[in-house]
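Undergrad: Count along the first sequence starting at 1, add 7, and that's the number in this note's numbering.
Please keep in mind that the hints were generated in silico from the structure rather than gathered at the bench.
Check each hint, because a few of them may be wrong.
[As the list claims (entries may be wrong)] Think about it this way: if two alpha-carbon atoms lie no more than 27 Å apart in a straight line, the pair counts; the simulated DSSO-like pairs of lysine-lysine are:
#, residue 1, residue 2
1, LYS126, LYS106
2, LYS188, LYS448
3, LYS126, LYS683
4, LYS200, LYS400
5, LYS683, LYS353
6, LYS107, LYS218
7, LYS188, LYS107
8, LYS188, LYS330
9, LYS200, LYS218
10, LYS206, LYS303
11, LYS556, LYS188
12, LYS900, LYS922
13, LYS353, LYS200
14, LYS604, LYS400
15, LYS264, LYS200
16, LYS604, LYS683
17, LYS107, LYS400
18, LYS448, LYS470
19, LYS303, LYS188
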Amino acid sequence: MDIPKTYDPKQAEERHYAMWEAQGCFAPEINRDPDAPVYSIVIPPPNVTGSLHMGHALQHTLMDVLTRFKRMSGYRTLWVPGEDHAGISTQIVVERELKKEGISRHEIGREKFLERVWKWRHESGSRIMQQMRREGASVDWSRQRFTMDEGLSRAVNEFFVRCYEEDLIYHGEGMINWCPKDQTALSDLEVDKEAQAGKLYYLRYPIKGTKNHITVATTRPETMLGDTAVAVNPDDARYDRVVGARILLPLTDREIKIVADDFVDPSFGTGAVKVTPAHDPNDYQMGLRHELPLVKVIDQHARMTAEAGAEFAGLDRYEAREKVVARFEELGLLERVVDYEFSISKCGRCRTVVEPLISLQWFCRQAELARRPLELIREQREPRFVPENPYEKVYTNWLENLHDWTLSRQLWWGHRIPAWYDEHGNTYVARSEEEAKQKAKDEAIKRQLAMGGWQAGLIEEPKLTQDPDVLDTWFSSALWPISTLGWPDDTEDLRTFYPTSVLITARDIIFLWVSRMMMTGVHFMGEKAFEDVFITGTVFDKHGQRMSKMKNNGVDPLEMFERYGVDATRLVLASIETTDTRWNEKQVESYRNFANKIWNAARFCLLNSEGAEVGRGFEAARESWAVHDRWIVSRLNRTAQTVNDAIEKYQFHHAVQTLYHFFWDDFCDWYIELTKADVTAAEESDARAAARCRVLTVLEQALRLLHPFMPFITEELWQLLPGMNEEVNTSVALSMSGDEGSVTHRPGGVAEKFLHPAYAGAKPTIMLAAYPQGQAELIDERAEAEVQALIELVSRVRNIRSEMNIKPGESVPLVVSAQDATSRSVFEAGAAQIARLVRASNVTVAENLDRAPRASARAVLAGGAEVAVPLEGLIDFAQERERLRREQEKLSKEAERLESQLANENFVARAPAEKVTELRQRLSDIGQRTSALRQSMEAFAE
RNA sequence: GCUCGCUUAGCUCAGUUGGUAGAGCACACGCUUCACACGCGUGGGGUCACUGGUUCGAGUCCAGUAGCGAGCACCA
Numbered sequence: 008m009d010i011p012k013t014y015d016p017k018q019a020e021e022r023h024y025a026m027w028e029a030q031g032c033f034a035p036e037i038n039r040d041p042d043a044p045v046y047s048i049v050i051p052p053p054n055v056t057g058s059l060h061m062g063h064a065l066q067h068t069l070m071d072v073l074t075r076f077k078r079m080s081g082y083r084t085l086w087v088p089g090e091d092h093a094g095i096s097t098q099i100v101v102e103r104e105l106k107k108e109g110i111s112r113h114e115i116g117r118e119k120f121l122e123r124v125w126k127w128r129h130e131s132g133s134r135i136m137q138q139m140r141r142e143g144a145s146v147d148w149s150r151q152r153f154t155m156d157e158g159l160s161r162a163v164n165e166f167f168v169r170c171y172e173e174d175l176i177y178h179g180e181g182m183i184n185w186c187p188k189d190q191t192a193l194s195d196l197e198v199d200k201e202a203q204a205g206k207l208y209y210l211r212y213p214i215k216g217t218k219n220h221i222t223v224a225t226t227r228p229e230t231m232l233g234d235t236a237v238a239v240n241p242d243d244a245r246y247d248r249v250v251g252a253r254i255l256l257p258l259t260d261r262e263i264k265i266v267a268d269d270f271v272d273p274s275f276g277t278g279a280v281k282v283t284p285a286h287d288p289n290d291y292q293m294g295l296r297h298e299l300p301l302v303k304v305i306d307q308h309a310r311m312t313a314e315a316g317a318e319f320a321g322l323d324r325y326e327a328r329e330k331v332v333a334r335f336e337e338l339g340l341l342e343r344v345v346d347y348e349f350s351i352s353k354c355g356r357c358r359t360v361v362e363p364l365i366s367l368q369w370f371c372r373q374a375e376l377a378r379r380p381l382e383l384i385r386e387q388r389e390p391r392f393v394p395e396n397p398y399e400k401v402y403t404n405w406l407e408n409l410h411d412w413t414l415s416r417q418l419w420w421g422h423r424i425p426a427w428y429d430e431h432g433n434t435y436v437a438r439s440e441e442e443a444k445q446k447a448k449d450e451a452i453k454r455q456l457a458m459g460g461w462q463a464g465l466i467e468e469p470k471l472t473q474d475p476d477v478l479d480t481w482f483s484s485a486l487w488p489i490s491t492l493g494w495p496d497d498t499e500d501l502r503t504f505y506p507t508s509v510l511i512t513a514r515d516i517i518f519l520w521v522s523r524m525m526m527t528g529v530h531f532m533g534e535k536a537f538e539d540v541f542i543t544g545t546v547f548d549k550h551g552q553r554m555s556k557m558k559n560n561g562v563d564p565l566e567m568f569e570r571y572g573v574d575a576t577r578l579v580l581a582s583i584e585t586t587d588t589r590w591n592e593k594q595v596e597s598y599r600n601f602a603n604k605i606w607n608a609a610r611f612c613l614l615n616s617e618g619a620e621v622g623r624g625f626e627a628a629r630e631s632w633a634v635h636d637r638w639i640v641s642r643l644n645r646t647a648q649t650v651n652d653a654i655e656k657y658q659f660h661h662a663v664q665t666l667y668h669f670f671w672d673d674f675c676d677w678y679i680e681l682t683k684a685d686v687t688a689a690e691e692s693d694a695r696a697a698a699r700c701r702v703l704t705v706l707e708q709a710l711r712l713l714h715p716f717m718p719f720i721t722e723e724l725w726q727l728l729p730g731m732n733e734e735v736n737t738s739v740a741l742s743m744s745g746d747e748g749s750v751t752h753r754p755g756g757v758a759e760k761f762l763h764p765a766y767a768g769a770k771p772t773i774m775l776a777a778y779p780q781g782q783a784e785l786i787d788e789r790a791e792a793e794v795q796a797l798i799e800l801v802s803r804v805r806n807i808r809s810e811m812n813i814k815p816g817e818s819v820p821l822v823v824s825a826q827d828a829t830s831r832s833v834f835e836a837g838a839a840q841i842a843r844l845v846r847a848s849n850v851t852v853a854e855n856l857d858r859a860p861r862a863s864a865r866a867v868l869a870g871g872a873e874v875a876v877p878l879e880g881l882i883d884f885a886q887e888r889e890r891l892r893r894e895q896e897k898l899s900k901e902a903e904r905l906e907s908q909l910a911n912e913n914f915v916a917r918a919p920a921e922k923v924t925e926l927r928q929r930l931s932d933i934g935q936r937t938s939a940l941r942q943s944m945e946a947f948a949e
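Produce the complete structure using the sequences and hints provided.
TA: Listed below in structure tokens is the structure:
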């Protein structure tokens, strides 16, 4: 059998995914158990703006670990894949593409432009699908959805219509964020606040009928042209007498009044605020409170309007600012200008400074939709956030402070708003144009009836025009968990898989997405959208900078896959869990090495698998097993318990660490070494066959435990285990060379019995094997302690060999002593193994070290056991004395600490009794070791 | 301004009810030992940011300080 010494990940990655997919392993239908518990996840749909990045790879890894884990545990699992049309982002990307060809979207028109976007969407979508396959994501492709496919568009219209009917959605004028570059309205969440160094201008406004003026401070002087009031705090004594007075607004022919409003902070600026209701969200609110007129002086292109006056009309907002300031200076009304840092709102996509404008848009009253979710999180703490801190609070605070959501976007790419208008200015919100027409007709009939009679035939076919705008991309995202499962229809999927089990996502979309899914889920289904919300950490570059396209400092997951393999990369990603982490390529390399270690451990097992079958070797009564067999079974089951528990609690890092150390330290470093002599015995025997079976059986279980994290290498090796497939031996080499897709399995072969009962009859694959739960009765404390003693002995002798510079090839005799018979029997039983592991010529076990020659290096072990390595002629007495002295020093320091702790009456009185006995035990052990050490040192006394 | 995180070995990070500080990488020394040099063995390296408090006992709990970071906010 020819198995390469180095694992080549690509090989396995190319073959198994196609097989899993072809066999239908990803679909919940593979589970035949009618009573199987359900586990479901909907993917945060990647935007169809390009390709996947490290953040996606991170999320997908965690979702896949959970899905595979639950699937192997017998759950009916569904992980729904899909993509998001990502309205404005995608439109911008495609516009940029067009620009390269020298065309703008307006030149080709809406229809042609949309064709281009759809083309882009398909290219990007298939790229994303390819990448997800590469990741090993076990998503059910048969249920793949896109936010703009037919079903989801229907869901969007249904959502809109129902909310409109419930008065949760309305059409009206409101203050919105307007991006002058993208020419669209934006929601508050699509706007980023940025600190900006600017100036604060103090402007004097003359008060009518006096020679006095009132000074206001502003960062945006150009908006003064739209001022309709000046506000002061009602409690501000300085302005007591001017409230109600009128101002002659400079540069205009308007008179405005001075109002009192609590909003004004008397300590800021002059305590008097200019009020521009049409161009500032706060001023807008004040305008409503005081019934101030709206004067729009800035238009959609951020230019001054005719209402701003002939002098300013047509000017850009920044040109207008300079001009206004200049004019105030001429008029002697500019009091002063000071440097001032303030925050400015920028378009989340193009970074243009947004303009607050009054505009006719569609809005959603979110406060009402948030009521139930708010109760859920407060009263039942649902959903459960991981990590709980700070996200539960962040989420709650957000729900408590909701403003209306601006839904409409002046874009072409997205769901068209399902509202139609007739010539009379009537609005019809409907699921389709037909329904809108019907509604229009019904209206017309009603009107006629009201006017005194209805005559059939007089009702003309209504002429309707659909609202040209589209919906915020997050509107369809808000429905994702229910729409992907079939809503608004009452589907089997919806009944089975809703609510979903967990949502795994990044923290920056908790408001944009997570909270809104909760709102719609609760509103339409009466139930939360997911049980848990897991918020991942962020992956930074190695300098701690956020990865971004602009900085070009992103690490491409595909590059990592290429270089180190998917499985290795997944281990790194899973370990990131919820903490922000700098990308560390060394870490990937280390897990690549781990994959290679697994490969080679399996290689060892397979090279010595003749006459052996996986799954056997542990049939005899456990009392008759060798201690190392009881030990590895105990360690394996303990590991399984820990890993199950860790994954359930989303402690992926802990799970990975546990598996890593079980496999490398316990299985490879110790178990394989302890059993090697039996496994590689030259003579064929029942004992050899049994030992081979055992090592294979442990390996097989370990592979299952690793599978959710490392799907490819585990499947590759699992399929190679003897007895799994028809061509047990000869085909192994063939499949290793990797030209064939799948290997035919042997019906009734051993592979089938490893499958979880829910998948009985399925073609065997490790991804449908039962996930080992870990059996408490197989955990053997005594075996663990005994092997631990062997390990310590071996380590100490190796330490002596290393420190004494004994050549690796040189064998030395060994004398081991222990006072109690049990320990002696453990060392006696393990003598051959000890000899092998430390290269001892022979191992003598005795009650004490009296028989050991004076010229021995010695070490004292836990429990008072001792070991001597006779080193006649090799040993430097002075050096050995020094070595022992250092050791004694360590022991006495520890003893000192323990003694002082035990001398503390408070400790003895208040600490738990078992803690105190534990310390006493330790102290007496140290005492034993110290006296043994002393004797050893005496042996070297000159 | 408010809220919240983080600070542990040279680097990247673990540390789950308070009870003798861990891993990987890096470093030093020795090894072509018949699964693996992507390996094996051995070793060095930490006042757990700082100050105080609670406690018999604090990396772990509490308060404050400093540095870094995040989120929220209507200060014109």
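Undergrad: Can you confirm whether the C-alpha distance between LYS556 and LYS188 stays at or below 27 Å?
TA: holds (21 Å)
Undergrad: Taking only the CA atoms, is the gap from LYS264 to LYS200 under or equal to 27 Å?
TA: violated (32 Å)
Undergrad: LYS188 and LYS330: Cα distance at most 27 Å?
TA: Between LYS188 and LYS330 the Cα gap is close to 23 Å, so the pair holds against 27 Å.
Undergrad: Starting from LYS188, check that the Cα of LYS448 is at most 27 Å away, please.
TA: Answer violated: LYS188 to LYS448 is near 40 Å, above 27 Å.
Undergrad: Assess, step by step, whether the Cα of LYS107 is no farther than 27 Å from the Cα of LYS218, and give holds or violated.
TA: With a Cα-Cα distance of about 60 Å, the restraint between LYS107 and LYS218 is violated, given a limit of 27 Å.
Undergrad: Between LYS604 and LYS400, does the CA-CA distance stay at or below 27 Å?
TA: Violated. LYS604 to LYS400 sits at ~44 Å, over the 27 Å cutoff.
Undergrad: With a cut-off of 27 Å on the C-alpha distance, tell me whether LYS126 and LYS106 pass.
TA: With a Cα-Cα distance of about 16 Å, the restraint between LYS126 and LYS106 holds, given a limit of 27 Å.
Undergrad: Hey, LYS353 versus LYS200, does the alpha-carbon distance stay inside 27 Å?
TA: Measuring from Cα to Cα gives roughly 6 Å; hence the hint holds.
Undergrad: Does LYS683 lie within 27 Å of LYS126 when you go C-alpha to C-alpha?
TA: Not satisfied, since the Cα-Cα distance of roughly 60 Å exceeds 27 Å.
Undergrad: Against the 27 Å threshold, does the CA-CA distance of LYS107 and LYS400 hold or violate the hint?
TA: violated (46 Å)
Undergrad: Next pair to validate is LYS604 with LYS683; report whether the Cα-Cα distance is within 27 Å.
TA: holds (16 Å)
Undergrad: Between LYS200 and LYS218, does the CA-CA distance stay at or below 27 Å?
TA: violated (40 Å)
Checked against the numbered hints listed earlier, the structure breaks hints 2, 3, 5, 6, 9, 14, 15, 17; every other hint is satisfied.
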